[in-house]
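Since the structure of chain V is provided, determine the placement of chain P on it from the hints.
The listed protein sequences derive, respectively, from chains V and P.
Each residue of the first sequence is one higher than the last, beginning at 1 in my numbering.
Each residue of the second sequence is one higher than the last, beginning at 277 in my numbering.
In short, the hints are calculated from the structure, not lab data.
By construction, the Cβ of each residue, glycine as well, lies at the ideal position given by its N, Cα and C atoms.
Among the hints, erroneous ones may be present.
What the hints assert, rightly or not - If the Cβ cut is set under 8 Å, some of the chain P residues that face chain V in the computed set are:
1. G309
2. D310
3. V311
4. Y318
5. C320
6. I322
7. L325
8. M334
9. H385
10. K388
11. V389
12. A392
13. Q401
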Amino acid sequence: MLKDKTSLTPEEEVLVKQVFEKYIAMQTLDASEADIINIVNLIWGDIGLAPPKVILCDSPAHCKKTCGNTEGYLTYWNMWLCSYAATYDFAQQIGVEFDKDKLHRFLEWCRCCQFVLFNDDVVYVSRKPVTLKFNDAGQLHNSEGKSCEYADGWGIYSINGVSVDEQIVMHPETQTVHQIRKEENEEVKRIRIERFGWDSFLTEIGAELIDERVNDIEGTKEFLFRSESDNMTALLCICPSTSKEFVLEVSPDTKTCREAQAFLSNGFSERIISAS
Amino acid sequence: MTKTVMAALTEMRASVESMISSETERIGSPSLGDVVRQGDLYLCCIDKLPEGVATKDMQLAPGNTQGSRHILSGDVSILKPSKFGKLDTVLIGPAFTCKGDTTVTHPEHGHKVLPADTTWQVVYQQAYADVVRRVQD
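Just chain P, with the same shape it has in the complex:
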């Protein structure tokens, strides 16, 4: 394949020109294991809340920047689990059960409306630089 980085960038930009996906989306009937992505946040549908420390913090990603403001709006039970599968702890966010329809809001990305009686585990996007750092540590 011969395509320069610049050519790829141009083609990639063209692919989103007519796209509008920042609208609110209602998630219908997710199955266990289904994943909803909002920016660099992955919401994995799980069967029940794992063990963890209860919290009242409705922001799903740490930080004060606009990008980190994935915020729950709705009636939820939310906690911070210490493990999820074999994932490194830095990649594991809160887990929550939606008691009613619950919206994951964000100032830039499209909102996601999650149905009542579903439970979700937040997982953060992995960065290779962090893998390098963990290996070096």
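Okay, chain V solo, but in the shape it has when bound:
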């Protein structure tokens, strides 16, 4: 029995990566129909139910459409459990002991049935997406289309792991300031602004210049804009190496460009001796 393990060997570090990659690849790899039916029957049997009718569909939306009246049906988004499955899978490989039957059922359930719509007698199982797109941080992300798309064209849009609607990704220029302002989710609001363009947004909300300076280290000009009505403060700065312009939101209570740089650098900006 493995106890109190607080560090990993180099081999186990490699295994972490292998298990991670296996589970990411699994997200677009359909299980066989026989495997799907087998695990559904096993689980239904465990709770004392007869084997249900299993119907495979192209997407979660297709499951609902095929079902028609979904009243009395439940949904299960197994894809969200795959991180647990990967963790348990890794743990068993390094010696953690589990109830083997339960673990087998859970891992197979996650592998075979990414989305299910079900009642006691019928189970609609979605096939897996044909495309998944991620950013560098491994978050669902696609700035030019769906981040997750199924064979029938249904899918979801995401920016840096945050679910957003089609307009934000495909037609961000059609957003209005009113629409952005009334967005209640603060994460989505910032994505809306980013896609709309920070400079355009600051202009449209009438943000006012509250500070400007020449950054002595970089020799570039910086400007700090503030909108009281939207409680937003942003630093306009430019990279001396690439000439790329940035509008970087900072903490709303920031008063000067110097404070803004301190925020962005986690307090290290005052000790910069070289920048490019």
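Quick look at chain P alone, frame taken from chain V:
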């Protein structure tokens, strides 16, 4: 102050027109606490390597994009620490000791040559959107 965003952008662009700072720069004799910035990466000069997990990955920022390719070239001891001061873990990058002169290369930003026998902690730029996200989480 009355200056529009557009006017500020124009003035800012003019400030870099005659500037060339993408050349390689050799860092002379840094003091403890000095910081070298390369894009959105801050290299803080520290006295010794902290505790952490050894790695052979010489890329200092995660990802596959051009912007993330801050890559060490030289003989270094490098590891991934789990903490640095009170910083959130997502802002903490690797730490490394330069056994000889070591270059931090990047396809766009000027390279930085760090002197032998210096130790550095990588810190990532903070984004307010991430602060909001962490608060919401």
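Hint-by-hint comparison with the structure:
1. The interface hint given for P/G309 is met, as the beta carbon of that residue sits about 5 Å from the closest beta carbon of chain V, less than 8 Å.
2. Of the supplied interface hints, the one on P/D310 holds, with its beta-carbon coming within about 5 Å of a beta-carbon of chain V, less than 8 Å.
3. Restraint check, P/V311 versus chain V: the minimum CB separation of about 4 Å is within 8 Å; hint holds.
4. Checking P/Y318 against chain V: minimum C-beta separation of about 5 Å stays under 8 Å; hint holds.
5. This hint holds: P/C320 has a C-beta 6 Å from the nearest C-beta of chain V, less than the 8 Å allowed.
6. At its closest, the beta carbon of P/I322 sits 12 Å from a beta carbon of chain V; the interface hint therefore is violated under the 8 Å criterion.
7. Annotation: interface hint on P/L325 violated; nearest CB of chain V at approximately 17 Å, more than 8 Å.
8. Annotation: interface hint on P/M334 violated; nearest CB of chain V at approximately 16 Å, more than 8 Å.
9. Because the beta carbon of P/H385 sits about 4 Å from the nearest beta carbon in chain V, less than 8 Å, this interface hint is met.
10. Interface restraint check for P/K388: the shortest CB-CB distance to chain V comes to about 7 Å, inside 8 Å, so the restraint holds.
11. Hint status for P/V389: violated, given a least beta-carbon distance of 10 Å to chain V, over 8 Å.
12. Interface restraint check: P/A392 against chain V, minimum CB-CB distance 17 Å, threshold 8 Å, status violated.
13. Interface restraint check: P/Q401 against chain V, minimum CB-CB distance 5 Å, threshold 8 Å, status holds.
Hint check: violations occur at hints 6, 7, 8, 11, 12; the rest are consistent with the structure.
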